[in-house]
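Asker: Just so you know, the sequences run in chain order A and B. Every letter in the first sequence is one number past the one before it in the numbering used here, and letter 268, counting from 1, is 268. Start counting at 1 in the second sequence, then tack on 1000, and there's your number in the numbering used here.
FYI, nobody ran anything at the bench for these hints, they're computed from the structure. Just to be clear, a hint being listed does not mean it is correct.
Unchecked claim - Chain A side only, calculated, beta carbon under 10 Å to chain B, not exhaustive:
| # | residue |
| --- | --- |
| 1 | 141 |
| 2 | 153 |
| 3 | 154 |
| 4 | 156 |
| 5 | 159 |
Stated by the list, open to error - Lysine-lysine pairs mimicking BS3-like chemistry, simulated, CA-CA at most 25 Å apart:
| # | chain 1 | residue 1 | chain 2 | residue 2 |
| --- | --- | --- | --- | --- |
| 6 | A | 89 | B | 1189 |
| 7 | B | 1071 | B | 1060 |
| 8 | B | 1214 | B | 1128 |
| 9 | B | 1128 | A | 283 |
| 10 | B | 1138 | B | 1203 |
| 11 | B | 1092 | A | 89 |
| 12 | B | 1138 | B | 1151 |
| 13 | A | 276 | B | 1092 |
| 14 | A | 283 | B | 1120 |
| 15 | B | 1189 | B | 1214 |
| 16 | A | 276 | B | 1151 |
| 17 | A | 89 | B | 1071 |
| 18 | B | 1138 | B | 1172 |
Where is the CB? At the ideal position from N, CA and C, for every residue including glycine.
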Amino acid sequence: MDYFLYLTQMCGIFIILAVGLNLINGMCGQFSLGHAGFWAIGAYTSAAFTVFVAPPLPGFIVLFIGCIIGFITAGIAGLIIGVPCLRLKGDYLAIATLGFGEIIRIVIMNMNSVGGPRGFTGIPQLSNLFWVYLWVVITIVVIANIVRGTHGRAIISIREDEIAAESMGINTFRYKTLAFCVGAGFAGVAGALFSHTTQFISPTNFTFMWSVIILLMIILGGMGSITGAVVGAIILTILPELLRFFGDTVSQWRMVIYSVILILLMMIRPTGLFGKHEFNPLKFLKLGGKS
Amino acid sequence: MNPIMETQAITMRFGGLVAVNEFSMKIGANDLIGLIGPNGAGKTTIFNMITGHYLPSEGKILFNGESISGKEPAVITQGGIARTFQNIRLFKDLSVLDNIRIAGHSRLSYGLASSIFRTKAFHEEENKLRAEAFELLKIMKLEHRVDSLAKNLPYGEQRRLEIARALATHPKLLLLDEPAAGMNPNETKELTGLIRWVRDHFKIAVLLIEHDMKLVMEVCESIYVVDHGELIAHGGPKDIQNNPKVIEAYLGTTEV
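Okay, chain B solo, but in the shape it has when bound:
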């Protein structure tokens, strides 16, 4: 099967620092893949290159067989790659409903004049968007929060809203940047189920950065490990757990 997203030896340099070096990966259309590594290994840099926030110094990123490196983040999102952020970036002072509706922006086609004169097209498209948003909030178990401001939600629900908002852009590939950060064991467990369910229900590919090894080992079918910007291992959860290079990267070597 053709991969939906592929990075071909992408390298990111910041001045003299090589943050990511010739990183290659392939993601299939319905894969659930983990990206792990110690702090500062370059995981988020890889995310930022895929989503267009950074332009890779070298290498190519293919999405659906087309090169996307050099495109604007907004264009890449419209093409079908959505993301969440390590430190939650919701539209804090807006309602939960508005957060979701903003993500549907690029699907609406009515013009500014329709908005000013409140034409039929405006009402039709807005009503449709509203209904879609309600449905999404319902399946993400956030419907009781429709009118709350995003900043007033408890932490776990904010994480869930961020995932819901990313889903509202109708992605084919969802990038989750440390979704379990700051969660208690119960919330993490719930999240584990949610990630798997989202993948199956929306039939999308998911790429996950996470430090919670229990979560990664439980949900990911395939794992890429990076350290100091280099890919050091790739394989199923079992292989990764026993890979000496991975153990070395996380725990260090014994000095004799």
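Here chain A stands alone, though its shape is the one from the complex:
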């Protein structure tokens, strides 16, 4: 596949992942490090559906069903992992979710029916730029609408002060679980789009490092800002690739330069590029839209 097309699609997939994780980490304040696990679940279940079960329907319908399956299975995994883990706080939650993320990966590694450590091959390339960015729009609209309703305010109040939120009559556990499931579900969609873009997935695609990179995207963009998550995802997907084009020296040192840029950005703007602010294109173009 064309390198630039592939990169653009990867940007979209990482936007979905980052916006989903932002609901969990940035909006609800629950520090999750298991996002790559949910991504893997979506990628594998949708790929298994397409390869083993899918009836002879047009490709885009199969992909759409695959995305829905990815959303549901990853969402259920989020529920199963979230219910015991979300009673933990802060660092403990991070470690527990990290553990579960790795468990998912290792379970897949030991499943021979989906290729095990050799990877899952022969997935048809059903995804394209249009479907990826359609899902990007769906993700952003759904999460932005949740956040600006009463359920979203409940989720944000947990980040601000959990004890006060409880005292305001908010069932904090329920809304933490909701945020966790929706975030995980969209990671599953990103997984479905990913497996049908690359046509080959293996457990090494979903290591703990990727959870960290998705987390970096939202920290860089600004925790709690959807706009920030989008911009963070674009920068962190493109930057390491972009550095290939500045001659041999830069190309060899690109991961070092990439790290230094990240360190500098965090020193100059510790709250991330956008902080908690949003850029609303409708408002910007004076087409209405109120807070």
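Chain A is already provided as a structure; the job is to place chain B on it using the hints.
Answerer: Just chain B now, kept in the frame of chain A:
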């Protein structure tokens, strides 16, 4: 008249420490009651038991004749008990309006799907909630601050916002944990009037923990005094001021 809230010999133990011992009180539907005592006497522990943050080791708490001990704090708030905190706990990075709207959460009934698809129910309920929030902010004299972040409000207004937020849950009993802490005499005076006015206007019961004796003696009709977790006196402001046990708890005894 039946009390709206009643604690029956509630005891709270933390390991070997008895923080509150067999504390009993009754609050009528429109009472304004004070809870005082020296530092560490167990006043906030009593609050935390009433609001469900602690489960009493022994004893029962009745609200509207129903036992509420063991229920989740959120459920108790939905039932009609709201509180403020000793060290202000606002949603600091949210606007004043959002702080109030969050308190109205349990009154809204539209589902997640309505929120995602912006249905008619969503707009109707949100508009109603917004109007209610504006009205409450207006009577609490905070309407000029609607869009400010809670953390940017001056101290006195933050205290007032916390009371407004508690009122927005539509309580029948309001618990105020040291509302005058850190206030200057002018602000305290204003607060004194506000507490009385809130009680009369919303027709609710108020239970107040406070160290500012002037405020307590001025607004409370009945006062409970605790020391070392024990109830040592109960009565009107005049009785309390002259009660030898209370004077002893606050000032100590003379050693001969």
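Asker: Decide if the proposed pair is consistent with the structure: residue 276 of chain A and residue 1092 of chain B, CA atoms, cutoff 25 Å inclusive.
Answerer: The given pair, whose Cα atoms are some 13 Å apart, holds under the 25 Å limit.
Asker: Under the criterion that the straight-line Cα-Cα distance not exceed 25 Å, is the pair residue 1138 of chain B, residue 1172 of chain B satisfied?
Answerer: The hint holds at about 21 Å.
Asker: Take the C-alpha atoms of residue 1214 of chain B and residue 1128 of chain B, compute the straight-line distance between them, and say whether it is at most 25 Å.
Answerer: violated, 40 Å
Asker: So if I understand the rule, the pair passes when the alpha-carbon distance is 25 Å or less; does residue 283 of chain A with residue 1120 of chain B pass?
Answerer: This hinted pair holds, its Cα atoms lying about 22 Å apart.
Asker: Compare the distance between the alpha carbons of residue 276 of chain A and residue 1151 of chain B with 25 Å, and conclude whether the hinted pair is satisfied.
Answerer: This hinted pair holds, its Cα atoms lying about 15 Å apart.
Asker: Is the interface hint satisfied for residue 159 of chain A? The criterion is a beta-carbon contact with chain B at less than 10 Å.
Answerer: Status holds, d = 8 Å.
Asker: Within 25 Å, alpha carbon to alpha carbon, are residue 89 of chain A and residue 1071 of chain B?
Answerer: holds, 22 Å
Asker: Mind checking the alpha carbons of residue 89 of chain A and residue 1189 of chain B for me, to see if they're no more than 25 Å apart?
Answerer: Since the Cα atoms of residue 89 of chain A and residue 1189 of chain B sit roughly 41 Å apart, the hinted pair is violated (cutoff 25 Å).
Asker: Interface hint check: residue 156 of chain A, Cβ to nearest Cβ on chain B, cutoff 10 Å. Holds or violated?
Answerer: holds, 7 Å
Asker: Double-check residue 154 of chain A for me: the hint is only fine if its C-beta lies closer than 10 Å to a C-beta in chain B.
Answerer: holds, 5 Å
Asker: Given the hint that residue 1128 of chain B pairs with residue 283 of chain A, test it: the Cα-Cα distance must not exceed 25 Å.
Answerer: Given that 25 Å is the threshold and the Cα spacing comes to 23 Å, the pair holds.
Asker: Is residue 1138 of chain B close enough to residue 1151 of chain B, meaning Cα to Cα at most 25 Å?
Answerer: Distance ~19 Å between residue 1138 of chain B and residue 1151 of chain B Cα, so the pair holds.
This entry does not satisfy hints 6, 8, going by the numbered hints stated previously.
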